[in-house]
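So the sequence lines, in the order shown, correspond to chains P and Y. The numbering of the first sequence is the working numbering, which starts it at 1 and goes up by one. The numbering of the second sequence is the working numbering, which starts it at 1001 and goes up by one.
One or more of the hints may lead you astray.
[What the hints assert, rightly or not] Cβ-Cβ distance ranges computed for the label pairs, FRET-style:
| # | chain 1 | residue 1 | chain 2 | residue 2 | range |
| --- | --- | --- | --- | --- | --- |
| 1 | P | GLU145 | Y | GLY1043 | 32 to 42 Å |
| 2 | P | LYS130 | Y | ILE1152 | 44 to 54 Å |
| 3 | P | ALA123 | Y | ALA1135 | 46 to 56 Å |
| 4 | P | ASN277 | Y | GLU1077 | 42 to 52 Å |
| 5 | P | ALA123 | Y | GLU1113 | 21 to 31 Å |
| 6 | Y | GLY1025 | P | LYS179 | 53 to 63 Å |
[What the hints assert, rightly or not] In silico negatives: residues of chain P with every beta carbon more than 12 Å from chain Y:
| # | residue |
| --- | --- |
| 7 | GLU31 |
| 8 | ASN74 |
| 9 | VAL95 |
| 10 | HIS117 |
| 11 | GLY122 |
| 12 | SER140 |
| 13 | LYS166 |
| 14 | ALA180 |
| 15 | TYR211 |
| 16 | ASP224 |
| 17 | ASN283 |
| 18 | LYS297 |
Quick caveat, the hints were computed from the structure, so don't treat them as lab data. Note that this is a predicted model, so its numbers are computed, not measured. Virtual Cβ for every residue (Gly too), placed ideally from N, Cα, C.
There are 2 protein chains.
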Amino acid sequence: MNNISIAVQGGAGEDSEFIKSHQSGYKKGLEDAVNTGYKILKGGGSALDAVENAVRSLEDNPLFNSGRGSALNNKGEVEMDASIMDGKKNNAGAVSMVRNVKNPVTLARFIMENTSHVFLSGAGALEIAKEEDLALEGDSYFITEHQVEEFIKDRKQDDYNAILKKRIHGTVGAVALDKAGNLAAATSTGGTPNCLDGRIGDSCVIGAGCYANNSSCAVSGTGDGELLIINVIAYSIAFYMELKNCSLQDACDYVIHQRNMDVEGDIGVIAVDTRGNLGVCFNSERMHRAWKNNEEKITVKIYK
Amino acid sequence: MNNISIAVQGGAGEDSEFIKSHQSGYKKGLEDAVNTGYKILKGGGSALDAVENAVRSLEDNPLFNSGRGSALNNKGEVEMDASIMDGKKNNAGAVSMVRNVKNPVTLARFIMENTSHVFLSGAGALEIAKEEDLALEGDSYFITEHQVEEFIKDRKQDDYNAILKKRIHGTVGAVALDKAGNLAAATSTGGTPNCLDGRIGDSCVIGAGCYANNSSCAVSGTGDGELLIINVIAYSIAFYMELKNCSLQDACDYVIHQRNMDVEGDIGVIAVDTRGNLGVCFNSERMHRAWKNNEEKITVKIYK
Chain P
1 MNNISIAVQG
11 GAGEDSEFIK
21 SHQSGYKKGL
31 EDAVNTGYKI
41 LKGGGSALDA
51 VENAVRSLED
61 NPLFNSGRGS
71 ALNNKGEVEM
81 DASIMDGKKN
91 NAGAVSMVRN
101 VKNPVTLARF
111 IMENTSHVFL
121 SGAGALEIAK
131 EEDLALEGDS
141 YFITEHQVEE
151 FIKDRKQDDY
161 NAILKKRIHG
171 TVGAVALDKA
181 GNLAAATSTG
191 GTPNCLDGRI
201 GDSCVIGAGC
211 YANNSSCAVS
221 GTGDGELLII
231 NVIAYSIAFY
241 MELKNCSLQD
251 ACDYVIHQRN
261 MDVEGDIGVI
271 AVDTRGNLGV
281 CFNSERMHRA
291 WKNNEEKITV
301 KIYK
Chain Y
1001 MNNISIAVQG
1011 GAGEDSEFIK
1021 SHQSGYKKGL
1031 EDAVNTGYKI
1041 LKGGGSALDA
1051 VENAVRSLED
1061 NPLFNSGRGS
1071 ALNNKGEVEM
1081 DASIMDGKKN
1091 NAGAVSMVRN
1101 VKNPVTLARF
1111 IMENTSHVFL
1121 SGAGALEIAK
1131 EEDLALEGDS
1141 YFITEHQVEE
1151 FIKDRKQDDY
1161 NAILKKRIHG
1171 TVGAVALDKA
1181 GNLAAATSTG
1191 GTPNCLDGRI
1201 GDSCVIGAGC
1211 YANNSSCAVS
1221 GTGDGELLII
1231 NVIAYSIAFY
1241 MELKNCSLQD
1251 ACDYVIHQRN
1261 MDVEGDIGVI
1271 AVDTRGNLGV
1281 CFNSERMHRA
1291 WKNNEEKITV
1301 KIYK
């Protein structure tokens, strides 16, 4: 049997009391996402199906900041971003600022496969979801007690200037290699508590928080979204590997610990290449992550 | 005196009767944009000021598809995207789906310099423009007779499926090197006639249609926006140059004519490096472009 492999991430950044006290729930969610994707790969399914469904399981899990459990922006609204990329066809789909779509990653995939667009936003994206009968939910579905508390806490302490300077993270994502040797990546986010409405992060920017190419690797990125955009993190890893013909882990280490060693903020990635090798790298206190390689036991980690 | 250099682009793609019959107007607009930026550079101004003002002059020119003269989406509305990147500070700003902002590139610069955000969209971006007293215009300011004709023509012939499969281009942009040796790039667009509302192209995606880094070069891209996003064109040129230590023109040629030789669609770039060398490359019938290097005469071209 050819190698199969899947990795998922549930965000990188600082530790918190909430994370500490919900470790087992987070680990269970990461494990469920890996198992969902792995089952598809083992049955001969595509990497694309595996990453979409792994991300869907994290979007449906209220502990993670994507889909249900998304952060509330400074208007108290949920706006979600997501993207997916097919390493075989070199095609991608992305959505930003979508509301009411239960699984933004599925809408991103619809856009990739059924339109000539790559990147669709706001009301236009929602219209496609309605037109195509993708699952929708009311506003209250997405809002959890934890995110309401975060919103209220931030709202009390943030003035206009603090909102403009707000650091932003909170993401989920998956990368996979299927039996046919194809790669795929997907990333999804619910944004950051009390951030400006309309703020777009790396999760829907192809090359920043998501990239896949069968000639190198598939990458899902997380951390301070703005840093991932400016430094084009996911694509840097893939293009470095392509041009230097080095190992995936070396490419991840180079991009995060050398080329971007001076950035002030958090960057984390999970990645997989066409042989099933995994790349895991982050410069932050923690990165929620899990993976499963062939028949090996699943690995689930939060801290270093 | 150190080298100074500026190049501008006004879109790449197929030829048209409208372009043929308005050649002198287009050339005048490109020349004006170059002169606007060059004057700033010659006076010791920054590359950032030069590209912002060169792009503003194209946004203000109704012949070009950005700012005044933007295309109408399938709702008959103008939604604009723009981005700017500072090669010295490795910082960037981008806006998508903005309405009523006279110069989207100036809003992108405001976001870069005054917020921790990189990428802001829709109503949230418009609110910042209002809050900061950036110049606004009513809807009618942006709409030209030519774009109304294009919209009506496309609306008659496009069904829903044709809209989903629509190819998209029409951009302006500038790159510059200043006396201090700093690079900057900026790109702006009004979208495509009768396209889905919410469609985001490469012009506001850092790494796709805009990238600048003093360690390599500044690039503004144009053509089929989706191809520039998926293939991360602007950043590919810069990172290739950085890793291979090759000339800028070689990097442009490699990315467009080799790495992406099989793409079905139009890609064009203008670029400048820290020595003032220009890179100009496109695979399409035409690319509106102009440049001025030190005291050399200005060059203005539309066809090959």
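To see whether the hints hold, each was checked on the structure:
In this structure the supplied range 32 to 42 Å is violated for GLU145 of chain P paired with GLY1043 of chain Y, their Cβ-Cβ distance being about 58 Å. Under the hint 44 to 54 Å, the C-beta atoms of LYS130 of chain P and ILE1152 of chain Y, about 26 Å apart, miss the expected range. A hinted range of 46 to 56 Å for the beta carbons of ALA123 of chain P and ALA1135 of chain Y is inconsistent with their spacing of about 26 Å. For the hinted restraint 42 to 52 Å between ASN277 of chain P and GLU1077 of chain Y, the CB-CB distance of approximately 48 Å keeps it satisfied.
Between ALA123 of chain P and GLU1113 of chain Y the beta carbon distance is about 29 Å. The supplied range of 21 to 31 Å therefore holds. A beta carbon spacing of about 57 Å between GLY1025 of chain Y and LYS179 of chain P agrees with the range 53 to 63 Å that was offered as a hint. With a cut of 12 Å on Cβ distances, GLU31 of chain P stays outside the contact zone with chain Y, its closest approach being about 32 Å. Against the 12 Å criterion, ASN74 of chain P falls within the reach of chain Y, whose nearest CB is about 9 Å from its own CB.
Against the 12 Å criterion, VAL95 of chain P falls within the reach of chain Y, whose nearest CB is about 9 Å from its own CB. Not every CB of chain Y lies more than 12 Å from the CB of HIS117 of chain P, the least distance being 5 Å, so the non-interface label is violated. A beta-carbon of chain Y comes within 12 Å of the beta-carbon of GLY122 of chain P; the shortest separation is about 5 Å. Residue-level check passed: SER140 of chain P sits 22 Å from the nearest beta carbon of chain Y, beyond 12 Å.
Separation of LYS166 of chain P from chain Y is inadequate, the least Cβ-Cβ distance of about 6 Å not exceeding the 12 Å criterion. Non-interface call for ALA180 of chain P relative to chain Y: holds, since the shortest CB-CB distance, roughly 21 Å, exceeds 12 Å. Under the 12 Å C-beta cut-off, the non-interface status given to TYR211 of chain P relative to chain Y is violated; the minimum distance is some 8 Å. Separation of ASP224 of chain P from chain Y is inadequate, the least Cβ-Cβ distance of about 9 Å not exceeding the 12 Å criterion.
No beta-carbon of chain Y comes within 12 Å of the beta-carbon of ASN283 of chain P; the shortest separation is about 16 Å. Listed as outside the interface, LYS297 of chain P is consistent with that label: its C-beta sits roughly 36 Å from the nearest C-beta of chain Y, beyond the 12 Å cut-off.
The structure shown violates the earlier hints numbered 1, 2, 3, 8, 9, 10, 11, 13, 15 and 16.
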